[in-house]
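**Student:** Once you've looked at the hints, dock chain E against the given chain H.
Residue numbers (my numbering), protein chains in the order written: chain H, 1 to 433; chain E, 1 to 433.
Hints listed in this document are in silico derivations from the structure and should not be mistaken for laboratory results. Note that the structure is predicted; figures quoted are calculated from it, not measured. Be aware that a few hints might be false.
Chain copies aren't distinguished; within one or between two, either way the pair holds.
Claimed, not checked - Here are the simulated BS3-like pairs of lysine-lysine, each with C-alpha atoms no more than 30 Å apart in a straight line: (1) K12 / K344; (2) K43 / K222; (3) K167 / K44; (4) K342 / K100; (5) K41 / K164; (6) K280 / K300; (7) K222 / K204; (8) K295 / K280; (9) K11 / K334; (10) K20 / K204.
There are 2 protein chains.
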Amino acid sequence: MRIIKLDTKSKKDILENLLKRSPNNYDSYQESVNTILNDVKVKKDEALFAYTKKFDGAELNQNNILVTEDEISEAYANVDASLIDVVRKAIVNIVEYHEKQRQYSWFNSKPDGSILGQKVTPLSSVGVYVPGGKAAYPSSVLMNVIPAKVAGVERIAMVTPPGKDGKVNSATLVAAKEAGVTEIYKVGGAQAIAALAYGTESIKKVDKIVGPGNIYVALAKKSVYGHVSIDSIAGPSEILVLADETANPRYVAADLLSQAEHDELASAILVTTSEEIANKVSDEVEQFVEELSRKEILRKSLDNYGYILLVENIEEAIDVANEIASEHLEIVTKDPFNIMTKIKNAGAIFLGEYSSEPLGDYFAGPNHVLPTNGTAKFFSPLSVDDFIKKSSIISFSREALEPIHRDIIKFANAERLTAHANSIAVRFEEKNK
Amino acid sequence: MRIIKLDTKSKKDILENLLKRSPNNYDSYQESVNTILNDVKVKKDEALFAYTKKFDGAELNQNNILVTEDEISEAYANVDASLIDVVRKAIVNIVEYHEKQRQYSWFNSKPDGSILGQKVTPLSSVGVYVPGGKAAYPSSVLMNVIPAKVAGVERIAMVTPPGKDGKVNSATLVAAKEAGVTEIYKVGGAQAIAALAYGTESIKKVDKIVGPGNIYVALAKKSVYGHVSIDSIAGPSEILVLADETANPRYVAADLLSQAEHDELASAILVTTSEEIANKVSDEVEQFVEELSRKEILRKSLDNYGYILLVENIEEAIDVANEIASEHLEIVTKDPFNIMTKIKNAGAIFLGEYSSEPLGDYFAGPNHVLPTNGTAKFFSPLSVDDFIKKSSIISFSREALEPIHRDIIKFANAERLTAHANSIAVRFEEKNK
Chain H
1 MRIIKLDTKS KKDILENLLK RSPNNYDSYQ ESVNTILNDV KVKKDEALFA YTKKFDGAEL
61 NQNNILVTED EISEAYANVD ASLIDVVRKA IVNIVEYHEK QRQYSWFNSK PDGSILGQKV
121 TPLSSVGVYV PGGKAAYPSS VLMNVIPAKV AGVERIAMVT PPGKDGKVNS ATLVAAKEAG
181 VTEIYKVGGA QAIAALAYGT ESIKKVDKIV GPGNIYVALA KKSVYGHVSI DSIAGPSEIL
241 VLADETANPR YVAADLLSQA EHDELASAIL VTTSEEIANK VSDEVEQFVE ELSRKEILRK
301 SLDNYGYILL VENIEEAIDV ANEIASEHLE IVTKDPFNIM TKIKNAGAIF LGEYSSEPLG
361 DYFAGPNHVL PTNGTAKFFS PLSVDDFIKK SSIISFSREA LEPIHRDIIK FANAERLTAH
421 ANSIAVRFEE KNK
Chain E
1 MRIIKLDTKS KKDILENLLK RSPNNYDSYQ ESVNTILNDV KVKKDEALFA YTKKFDGAEL
61 NQNNILVTED EISEAYANVD ASLIDVVRKA IVNIVEYHEK QRQYSWFNSK PDGSILGQKV
121 TPLSSVGVYV PGGKAAYPSS VLMNVIPAKV AGVERIAMVT PPGKDGKVNS ATLVAAKEAG
181 VTEIYKVGGA QAIAALAYGT ESIKKVDKIV GPGNIYVALA KKSVYGHVSI DSIAGPSEIL
241 VLADETANPR YVAADLLSQA EHDELASAIL VTTSEEIANK VSDEVEQFVE ELSRKEILRK
301 SLDNYGYILL VENIEEAIDV ANEIASEHLE IVTKDPFNIM TKIKNAGAIF LGEYSSEPLG
361 DYFAGPNHVL PTNGTAKFFS PLSVDDFIKK SSIISFSREA LEPIHRDIIK FANAERLTAH
421 ANSIAVRFEE KNK
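The following block holds chain H by itself, in its conformation from the complex (with noise of 0.2 Å):
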């Protein structure tokens, strides 16, 4: 891996560099993005099979789109027993994190008869999309799929993609199970997301969609943003490791590749106050390297968008840290915890040097969507609060509204509402001038 000196000319050309991953460059797709959200929003159903059949090569129709009782069974005895076993492990630690993230309905009353409240309910409906191709990501479903569970959504309507002969990946179905799914529709791509936000005859309209997908399903995601909701835009992943000499570089290197390994377009980032550090990790990353299965990627996403950043002092590693705003950030530093408290953005925090990365993609409860490509200055890891909404709750008597009334009345007056101001001046059978 390249060791670079960080200073402002360096800095900012990373920065530009990671942001060239960003799924709002690709705006070029938007147009057969949108031609396909059109079709299938007219021609429903009809657009929806002919889509599948021309991106999935599989013939579809009302009676065998959505996967049957049948098919999960031979999907369960296809998947290795002891795959499920850790699957349901995995469900209970992630059930557990995710009870702690409900919120609660309040109310706050006075003795004049006000009542101030919040209401929260969950959304009825979502749709979880999960990519098909050759690689399947059980994971994937038990992370989008959980919080919505635990949030109390009702109906949590799955699409993937078929092959061609019209069967999708099993281990898919046995997650999308385990973890509580209602339908499961063999649809993948831009049409899945069109069918989800407009409804066709076999597939009913959702209120948000969630899960990851390639560059077609993020552009139809971001369309359909209104009309119904979306989790944020998914981005390739990332890790950065800001460590100080105390690291361990053998393990610093094995995090680093377990991002770079997603894809080309992931990065890796090492932030060290310790040249000996970035020396050790860059040879451990090589060697590495060398044994892992899926080399290639590694070399290119490393060639890319793989750094070893040193830095002058720990002050250095956390500003730099907080600008890139990585999806994963690990802290194997001597007093990981007080450095934390300095962190402002990140996806999730990995503290100390037996946190390592994948074990939150798997297993310890938190979930593994995060905010990607900077997008942790304002977004958040995907949670039960993606899948529940908020009401405001006001109860006036007469008692608490009189003694502000006339206040109101100024106020919409001075804004030129009239109507408002007359609602509150005909409780008190006065004429709004």
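**Tutor:** Quick look at chain E alone, frame taken from chain H:
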């Protein structure tokens, strides 16, 4: 107002008619919005000033774009002192309510040395859009700025279009100062959104943009979503009053009109079980319209999007209220709290005959920025939640990782992510196969 006996057909037609008002139906403006966004992204201040000249007729430069302390003092002199008093009283209530929305970091530890938690951090910077034009809405300034302030956002940059004389509305400036805005720029339209999203020489980039605007502003916000965060996309205002035979028809009529006066796309709907109330409210509405200053707007919005819907029973009323998912919902029945428990979708819920909607717009404390046009099914009122973000916290000891490390390795290998598996294996001197 037209009175309609609700049935499946009329309900479908009404829902479709209401959705016509959605900002999602104005994609034809997207191209001109994209041109503006891109110009400002590339040419920065130069483009920002040129568009301000073109659309607002004001001559801006780097020396006069920022509102000065002198201009703010001048604004205070221009505004009625008793209005400033009312604004200050409103701020006390709005702050008190939003303080209750604060969320706190938490963690959970186990004796094996594992810690899981969630850290809450305010956004660093926020942009607030405030519309210009003839009417000024100081209440909108308060409602957008105060939750950011309560959340702990350090930098709150407001943008608002200038008049031809290069000045901005005095009441807007006073409200901004009172609410705690840190910078005010005299720019509006899509060009202001671009400046906030990408940054220019004069305006530093922000993390999130909130605040209502015209269709250009709404589309610009949607376009920059992902690059920065935005609040939900504002549509035209609405009220739905759910009333039984105990309601006061004069109050109901006045409240319907308080929303209908906003603009020609505003919608006012009464859903009632009582034919007598339906007829009386219709009569009262006619009388009020003749007396009120915004008669033309009232007439048009009532003709296009005003309805009195007669239903068989209260359950049917609740169902249609949930389907319409109104921005404002007033429940004026014998037992409003009982009905409230069955309401799934509404921005703000007003209970009982003294809880008139303008009480919530100006004074009670809850936010008046609410989900419109059916989006209360998945969006929430603007709140402190909009100005914080969360990071997961994961800290495991060797003792905590050891008993689960084989499970994680198994899960990672099942997803063919061998470098993920390796990062766990290496900590236990195991080779990942």
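**Student:** It remains to establish, for every hint, whether it holds in the given structure.
**Tutor:** Here is what the structure says about each hint:
1. K12 / K344: Within one copy, since 19 Å is at most 30 Å while 48 Å is not.
2. K43 / K222: Cα proximity of K43 and K222: in one copy and across copies (21 Å, 26 Å).
3. K167 / K44: within (22 Å within a copy, 51 Å between copies)
4. K342 / K100: both (24 Å within a copy, 25 Å between copies)
5. K41 / K164: within (24 Å within a copy, 43 Å between copies)
6. K280 / K300: Result: close within a single copy only, 21 Å intra versus 73 Å inter.
7. K222 / K204: both (20 Å within a copy, 25 Å between copies)
8. K295 / K280: Close inside one copy (20 Å), not across copies (77 Å); limit 30 Å.
9. K11 / K334: within (25 Å within a copy, 65 Å between copies)
10. K20 / K204: Result: close only across copies, 20 Å inter versus 36 Å intra.
Taken one by one, the earlier hints all hold for this structure without exception.
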